[in-house]
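Enquirer: So the sequences go chain by chain: A, B and C.
Counting along the first sequence from 1, when you hit position 51 you're at 43 in the working numbering, and nothing is skipped either side.
Counting along the second sequence from 1, when you hit position 65 you're at 67 in the working numbering, and nothing is skipped either side.
Counting along the third sequence from 1, when you hit position 18 you're at 21 in the working numbering, and nothing is skipped either side.
The hints are simulated quantities; they were obtained by calculation from the structure and are not laboratory data.
Ideal Cβ positions, reconstructed from N, Cα and C, are used throughout, including at glycine.
Do not take every clue at face value.
Straight-line Cα separation of at most 25 angstroms, SDA-like style, residue types lysine to any residue; simulated pairs [stated by the list, open to error]:
hint, chain 1, residue 1, chain 2, residue 2
1, A, Lys72, A, Glu132
2, C, Lys86, C, Asn47
3, C, Lys86, A, Glu193
4, B, Lys91, A, Ile301
5, C, Lys105, A, Asn201
6, C, Lys218, C, Asp247
7, C, Lys86, C, Gln65
8, C, Lys105, A, Glu193
9, C, Lys72, C, Ser115
10, C, Lys86, A, Gln130
11, B, Lys91, C, Asn203
12, B, Lys121, B, Phe55
13, C, Lys86, C, Gly73
14, B, Lys91, C, Lys86
15, C, Lys214, C, Asn203
16, B, Lys121, A, Gly278
Label pairs and their in silico Cβ distance ranges [stated by the list, open to error]:
hint, chain 1, residue 1, chain 2, residue 2, range
17, B, Asp180, C, Glu101, 17 to 27 angstroms
18, B, Asp180, C, Arg146, 33 to 43 angstroms
19, A, Ile7, B, Asp178, 44 to 54 angstroms
20, C, Asp136, A, Gly280, 52 to 62 angstroms
21, A, Phe96, B, Asp180, 29 to 39 angstroms
22, C, Pro100, A, Arg203, 38 to 48 angstroms
23, A, Met136, B, Asn188, 53 to 63 angstroms
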Amino acid sequence: MSLSPRFRLLLGAAILVLVLLPLLGQPYLIYLLTMSLIFGIFAMAYDLLYGFTGLVSFGHSVFYGLPAYAMGMVAVTVFKYPNPLVMIAAAMLTGLVLGCLIGFVCTFARGIYMALVTFAFAQIIELLVLHDPWGITQGENGIMGLRAAPLSLGGLTVDLFSGVGLYYLVLGLIIASYLVIRALVNSPLGDVFKGIKQNEERLLSLGYNPRPYKVAAFGLSGMFAGLAGAMAVFLNNSIVPSMVDWAVGAEILLITIMGGAGTLIGPIAAAFLIIFAESYAASYLGGGNWVYVMGGLYIAVVMFLPGGIFRTRYLKKAFV
Amino acid sequence: MTSLIITQILNGLTIGLIFALVAIGLTIVMGLMEVVNFAHGSFYMFGGYITFFVFSAVGSFWLGLVVAPVACAILGLGLYYAIIRPLRKRHPLEPLVALVGVAMICRQLIRNIWGAEPKLLPIPFGRVQVSLAGAEFTYPIYFFVVMGVGVAALLALYLLFRKSDVGIRCLAAIQDRDTAMSMGVNVDRIGSLMLVIVMGVAGLAGGLVGPIFSVYPTMGLELIGLLFVIAIVGGLGSIGGAVIAGVTIAMTKSISSIFVSGNISDILAYCVLLAILLIRPRGIMGLATVME
Amino acid sequence: MSAGQATPILETRDLLLHFGGVVATDHVSFGLPEGQVRALIGPNGAGKTSFFNLLTGVLRPQGGRIFFKGRDITHMPPYRRVKLGIGRSFQVVNLFPELTVKENVQIAVQASLKQKNHLFERVERQEISRRTDEILSQYEWIRDPDQEAGALIYPEQKKLETILALALEPELVLLDEPTAGVDENDIGLITDMINTLSQNRTILLTDHDIKFVMKIAQRITVMDQGRIISEGTPSEVASDPRVDECYFGGLVECQTTYSS
């Protein structure tokens, strides 16, 4: 999967535009862009699992929301140690460990049955978060006031955790994540992931036990999803139970399929499309009528762009 | 205490049968056409609202219960031709995305017409004195009616799949689509017919629960996840499995709710499902390997 | 085939497999000495592919045992049998369609390396790509190794299928109909491949092309209705009346129907 020069040029131009956009100085635009990039990271994490390894998860909200709660534990409810780097590390570690654990359990089953085990986990975790039996999640109220203090590096203070600073941080992280995930799927390990998707039986007959690889795919996907969750916490300065709502997991599944599973860039593009469409539709159409636009968008993309926006014949011919 | 437990068992049975009725539709559509019909819950909701509409316009709940399945069946045919048929050659998750869109639109449509507040249908009949296992209590007659209608509908579905030509073909296609197709089973035609039937059944179920839970715009969406789990835990294409799974879930929830709060009883219900899925990775009565 | 090889590399005892009422292998006891090229033939539905699937672990028998190099592998999962040295190709083309030819071979090569961390270490990765290139360079027909395997024409996919099995460098190679759907030219190529291979490996193959089987196999086992009905050198088997019976008129006529 090497990128054609034309595609590289387009990608470079997109990054340049993203770097320059904050100059417009519109806070709401920055907020939406940051949210889109966060969902872009999340969608790539999902794409790693679904698009490349072929494993469907209906419970990815867990890997986005629980790492956020892990940050809440670190910073507010349990350890009260609001160091941003520790918080991010805790979130990614939580995503990784959780991914491996849930991956280990759910890969006992296969196909749609496996997907449903992930769903059952998501439901249980969402209910636990709401019920808050151990006083960690603060139930329906969520956790507030998490934004880390600006980093001070020898007299120079940089605020990377709000506004434009956070935007550039997330932009940097999405580029880094893209490069890491791309290197991963093009590595020998990535070949095994793709092998699981395309022909698991053949992989067995070549001497691979697919399960550890599936667990690894879950773990890695969980780790990047956790990173996305961590950034969302900084952006919103709060952790709310809706982050573990299974609808979040469903949305990221939709975004990945809309964008074109297995293309990485496609899901990112779809994340921008969905976040912006949702926000603008909501601001122009009152009374929840923006839902018509979103519902129509889901239907239209599937109907008219088979294989997702990034898999259409036109784009494939032009860029890949 | 005994009477409370028995009441909860009866409640669990009633709700479980309703769950099973709706879930069977999901499992048949999934098994036959490989379509994960996220809009299924919307038809359950339509059934409830159509019943409510007929009731408020004409004053007869029972007429509503007749109109709802018919209307839902017709709407189901529309869904088939608008969304499912054009997408039938795609990867199974692509129709899912479109159907999520449909479900979103349906919910908002209902909200725009009838508002977000629940509409309660009056419960027909009164309560009856029950003496069972040494306990004396009163129980709404309507719940027994729901159980009766539910069992009758399940029986009708069972006969459809075991005795009728089209039902047997449908089961054959669920078990092995390619072989069935090579033997001349027209999966598309059977698919459209089945969709009409199961959407009608979902509409009936939605009408039936009106007096129990009331009808509200999110009634379908909040149930759909649970219904999927019931459908698949039961085993694709299996009516018996869906009934067992549906009743198990409803029982777990209703009985445990005596002792623990609502959230915990939901958690328990999902733990039971998780256990079943891990012990029998292809469902209670799993026969098909589709979508693995 | 030298004398004095007491223990066979592969042995089955009383292997029983049935699907409902249909018996696929009916108490099959079978031995294969090391270094031999053995063909397993029989009419369609004789149980050859089921027998292969039992050997590789895709199916589990209801009764009987399988031994490989003296080890009981009856209940071993497929991937562990491969690690022990059993490689296979499939009757129906069974590749990774969206991976390139090179990546297909690479997956097989990296599977053959024993080191656990081979997916991460740089040296190992260089070794993987070196051996992949080495294998690819042996086959002239592979013009574009960066082509997706799914885009190859059928005979090429079939050959790639066999290459994948060989890339594992197994001690025992199971080839399920290597010539099915392949033209005369390529049969020659596959024959050469197998001949080179048989110098230091044991080979068990099934095929419907009797001419090919007669030429390449040192010994032939004939199956019918789940049972072994005959075994011997090609000429012995060809003159066995029981074989004539199951093939309705002898191997030679059979040849014309199957290879057309």
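Enquirer: For each hint, tell me whether it holds in the structure or not.
Expert: Cross-check of the supplied hints:
A C-alpha spacing of about 20 angstroms is found between lysine 72/A and glutamate 132/A, which places the hinted pair at or below 25 angstroms, so the restraint holds. For the hint linking lysine 86/C to asparagine 47/C, the alpha-carbon distance of about 30 angstroms lies beyond 25 angstroms, and the restraint is violated. Straight-line distance between C-alpha atoms of lysine 86/C and glutamate 193/A comes to about 15 angstroms, which keeps the hinted pair within the 25 angstroms bound. At most 25 angstroms may separate the alpha-carbon atoms for a hinted pair to count; lysine 91/B and isoleucine 301/A meet this at roughly 18 angstroms.
Taking the CA atoms of lysine 105/C and asparagine 201/A, the gap is about 21 angstroms. The hint holds against a cut of 25 angstroms. Using a Cα cut-off of 25 angstroms, the hinted pair lysine 218/C and aspartate 247/C holds, with the two alpha carbons roughly 19 angstroms apart. Restraint check for lysine 86/C and glutamine 65/C: the C-alpha separation of about 24 angstroms stays at or below 25 angstroms, so the hint holds. Of the supplied pair hints, the one linking lysine 105/C and glutamate 193/A holds, its CA atoms being roughly 19 angstroms apart against a limit of 25 angstroms.
With a C-alpha separation of about 18 angstroms, the suggested pairing of lysine 72/C with serine 115/C holds against the 25 angstroms cut-off. A hinted pair counts as satisfied when its Cα atoms are at most 25 angstroms apart, and lysine 86/C with glutamine 130/A does not qualify at roughly 51 angstroms. Straight-line distance between C-alpha atoms of lysine 91/B and asparagine 203/C comes to about 48 angstroms, which puts the hinted pair past the 25 angstroms bound. Among the hinted pairs, lysine 121/B with phenylalanine 55/B is consistent with the structure: their alpha-carbon atoms are about 10 angstroms apart, no more than 25 angstroms.
Between lysine 86/C and glycine 73/C, the direct Cα distance comes to roughly 15 angstroms. Compliance with the 25 angstroms bound is thereby established for this hinted pair. Taking the CA atoms of lysine 91/B and lysine 86/C, the gap is about 39 angstroms. The hint is violated against a cut of 25 angstroms. Taking the CA atoms of lysine 214/C and asparagine 203/C, the gap is about 24 angstroms. The hint holds against a cut of 25 angstroms. Under the criterion of a C-alpha separation no larger than 25 angstroms, the hint pairing lysine 121/B with glycine 278/A is consistent with the structure, at around 23 angstroms.
Taking the beta carbon of each, aspartate 180/B and glutamate 101/C are about 22 angstroms apart, inside 17 to 27 angstroms as hinted. As the Cβ distance of aspartate 180/B to arginine 146/C is approximately 34 angstroms, the hint placing it in 33 to 43 angstroms holds. Here the CB-CB span from isoleucine 7/A to aspartate 178/B is close to 50 angstroms, well matched to the stated 44 to 54 angstroms. As the Cβ distance of aspartate 136/C to glycine 280/A is approximately 60 angstroms, the hint placing it in 52 to 62 angstroms holds.
Between phenylalanine 96/A and aspartate 180/B the CB atoms are about 33 angstroms apart, so this pair conforms to the stated range of 29 to 39 angstroms. A beta carbon spacing of about 23 angstroms between proline 100/C and arginine 203/A contradicts the range 38 to 48 angstroms that was offered as a hint. Remark: the range hint 53 to 63 angstroms for methionine 136/A to asparagine 188/B is upheld by a beta-carbon distance near 59 angstroms.
Comparing the model with each earlier hint shows violations of hints 2, 10, 11, 14 and 22; every other hint is respected.
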